[in-house]
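Here the protein sequences line up with chains A, B and C, keeping their order.
My numbering puts the first sequence at residues 2 to 488.
My numbering puts the second sequence at residues 2 to 305.
My numbering puts the third sequence at residues 7 to 298.
Possibly wrong hints are sitting among the right ones.
Only some residues are given here: those of chain C computed to face chain B with a beta carbon under 10 Å [unchecked claim]:
no., residue
1, 102
2, 106
3, 121
4, 242
5, 275
It is worth saying that the hints were derived from the structure and are not from the lab.
Heads up, the beta-carbon is just placed ideally off N, CA and C, and yes, glycines get one too.
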Amino acid sequence: MALLEVKNLDKYFGGIHATDNVSFEINKNEIVGLIGPNGAGKSTIMHLLIGLYKPTGGIIKFNGEEIQHLSIHKRIKKGIAVMFQHSRPLSRQTVLENIELSLLEDKFQFFYKKGIKEQAIQIAKKLGLELVYNKRPSELAFGIIRRMELAKALALNPKLLLLDEPFAGLSHLEVEEFSKLIRSLTKENFSIIIVDHNVKAVKDLVDKIIAIHAGKIISTGTPEEVISNKEVKRVFLGEQTKIENSNQKQTDLNAKILLEVNITSLSYNKAQALRNVDLIVKEGQFVSVVGLNGAGKTSLFKAIFSFVNYEGDIKWQGKSIKHLKTAEIVNLGISFVPETRELFKFMSTEENLNLALQKVEKNEAKKRIEEVYSIFPRLAERKKQLASTLSGGEQQMLTIARALVQKPKMIVLDEPTLGLAPIVLEDISKVLDYMHTQMNLTILLGEQNLHFALRHSEKVYLLEHGNLICDCTMEEFKERIGEKYLA
Amino acid sequence: MLIPKDRSIIIGIVIFILLIFVPYIFSSYVVGVFTIALYFAVFVMSWDLLFGYSGEVNFGSTFQIGIGAYTAAILNINTHIPLALCIVLGAVAAILSGLILVAPALRLKGPYFGLITLVSVLLLEQFVTIFAQYTGGEIGLSVPGIISVSSKINYYMALLFCAFSAMVMLVIARSPIGLILQASAQDPIEAESLGFNITKYKVLAFGISALFSGLSGALLVFYLGTASVSLVVSIAVVLQIIISAIIGGRRTIIGPILGAFFIILLREWLQPLGQLSYVVVSIMGLIVLLFLPDGIISLFLRKN
Amino acid sequence: MNLFWQILFDGFIISSIYAVGVVGFSLIFGTAGVLNLSHGAFLVLSAIISWFFISHFHLPLLAGMVVGVLASIAVSYLLFVLLINPIDKSKKIPTTEKEIFILTATLLWSMIIEELLDYFFSSNPVVVPPFVKGVLNLFKMNITYNEILLSFASILILIILWTFINKTKTGKVLLAASMSHDGLAISGIDIKKVYILLWGVYGVLTGLSGALLASFLGASAQSVPSLTGLAFSVVVLGGLGNITGSILAAFLIGYIQTMTAYLISPAYTSIPAYVILVLILMFKPKGLFGRF
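With the hints as extra help, turn the sequences into a complete structure.
Listed below in structure tokens is the structure:
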């Protein structure tokens, strides 16, 4: 009998089918990777497994017993443990006390049982936390906190361990160490599900991979089988398998520098999201920052627009913009298309555009809106419609249109293709081409879809775990990293 | 376990020892003020147990205090049951009414628990006014029962009660229960994912908080000989409780005792200002809130 | 039958005044995320200041109201500058506890205003004099012209507010603020200025509605907590941050109170509203109308 059986699992959020008839089994002592690109629906499945969401339909059997209706803590008691990607451990307590918490029974106890500390020490030792027993989470590096979280999950003595993006936010070295740690666990007597967006990171750790896309399982099998699966390749790498560059324009190398980024460090509490990132964008250039989810692209863009604090400096046309407010930066002529879009959901397309034209005189505003409507005829048709009722692609177009009406010199786009259907992707691709070649806009694009980014770029920066790995022209990129990175 | 925690207990013991000598140093009037401060300190500690450890803001702790006080007072006036039983029944009523009216909101995330507690106090105020023939309405009730005529005995009763409450709450705060409560305040989903039924712990914390609030409310009534809205129900009392907890240092149990004494003595000292004394106390509360958010006790505790 | 009409008319008058009294509370929560527990104090402050200038300095009624509104705007900005903004920016206060700090701070703010009013103007209820005199006789009922005027003024203010928010360039910024602050920033709009606008509008709204409320019900420092409680109940009932919901809920509560007053006893007026609120919180915490 399989340890975990999932049959015809369905989950709807409003009209969105987030989990679509998913069935799979996990055997005892099996290590399985649950893989899918960002937004594929893998975390929904994980949340359904632990009970944070209740399924719309389907069965989850654990050890032969149906558990889909149980609340979280009851499932944990049956032998499921989870390590979250983002958690808030007890901040006023030490590492050891955090582990002790995990060892407590769910009973009213007024005193600690004897031996609990020794038990906690034992687990901490196993995970290499000897040196930080009495430190608090706020004093620790992100990688160490991740270990502590793993220790807490192991302290529950689970039969099935769920790891949610265990490598996200870790540095190169930390990823290696953490992989080693997980590998050492595979000798123990429990099953593991690793939820990750990166096939590469888990393929050497797991016995089996389940690949997810758009809420459905697209492939199951050994890592080799899944990686060579056509559908999987298409989903992870885009349509083509060769790098193509359709960009016809080559910006003069002596062009004026518009944006100059020198970030020495950017961190959220203890997690360092960026280190020593130096980047230059010249006037008229199309520059891409590529990297997987969690590599630091969004942090970089947030820094440019003063949404987060950082160490170092960012200059626009030679002047520091570090201490300017977001709105002031935007008004200098840099527009932003954020990953989260930040549209005004309950306002119409036209109202959304008009809000970006507060300071513009009425007739001019009208003219500009007509201009973007000619680029996006679909938005013109939907100008009275509320933003929340637009399709994902239309919302993305509106976000770009809102940036364009501001007549910027440069436009920064963060993952504009995220979660969009291939056909919409083509539309966006055309728009980017038009903006670059016809409107002569400078473009800074953040993408995890390499093919999409490479198609347009003159220059590519590769971000990995907060570090710039490569800062090169298209030719150099193809030569040095391209094929290897894609394969 | 941790040095700061031990320090706060040392501070607690020092306060206790100092308080033993109060009747030998000060006039019986001052001893009376201290007695009130001791009961008030229990209100504040009970509030702190719920807020500091389970992260739930109780804007209506006077609902529990008031129910405890009025139940005990009404029983004392209308029946012949012994005083001690009146007090115990008052506390029981405080717990039960709290569990029925307020505790269901502990399931909810967001500001709803705070809202419902606030409403519960407004509701209780209305009931006291409406059932004036039993409650004395706006004027309040005079109770025949009295703990003792000696100010010294009253004082030491209050001191023992306060010390006992502090001990019980400290034990809970530092027990596995306290740890689980803190974990569920910090990250409820993670706490559930460690296998804890967090609502169960929150209800327990609420129940204990209601128990001591109710007991202290009932005791205060028999010490003062009266129960009235402005004394044990009004929102102004809740505010003073919250200010005291924050000024003293929330999440420490001992800090709230410091805060309670600070507020009661300050108000006594500002009495000549009349109405304005509340304004001054409120402004001081705001200043501490902004500039010393960890309270007075943080001055004595070692920084991390 | 007579009773029916009485409840219908009285209910409408009180409900419309309630609606305008609570809409600001909902607005400032929806757009700035602040549950202002000093809302009742704002209302009473403007009422008492208006009354004071009218009865002691013999200012004309409207001029007195203007002074009341100015006072309300002043405390609104003070609250933002002295408390809300510093707490928001504070690094010492953990993010997870900011909400409670803001709630406590606004409660203290309320206390300060309340006690100062009590000190300077005593706790006797003051009544802003009627705007018009005379009584209308309709279906054997007596309705004062002042009540009718107050009700119309309330509805008018609500219509103006609605038009401002939905139809004007500046007003739409407020509407947008309730959806995405980051969206405003990348549209090139300075968030700081949005806050200034927001707290200004809030001050105007509470100022106007305070005077209207006091012309109908009277106001005293002691009515502060129950007014805050009323605003709270109505807004939670309507769904936090949902302005239309708040207005509908104001009518619901207004009518329930009127019915209680006429059919049971005026002494019980506010109880049903609180009981309904408790029930709503228990069984449908998102309010009757949800968020939007």
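Hint check:
1. 102: 8 Å, holds
2. 106: At about 5 Å, which falls below the 10 Å cut-off, the nearest Cβ of chain B leaves the hint on residue 106/C intact, so it holds.
3. 121: Interface hint status for residue 121/C: holds (4 Å vs cutoff 10 Å).
4. 242: Hint on residue 242/C: holds, closest Cβ of chain B at ~6 Å, below 10 Å.
5. 275: Holds, about 9 Å.
Violated hints: none; the structure is consistent with every hint.
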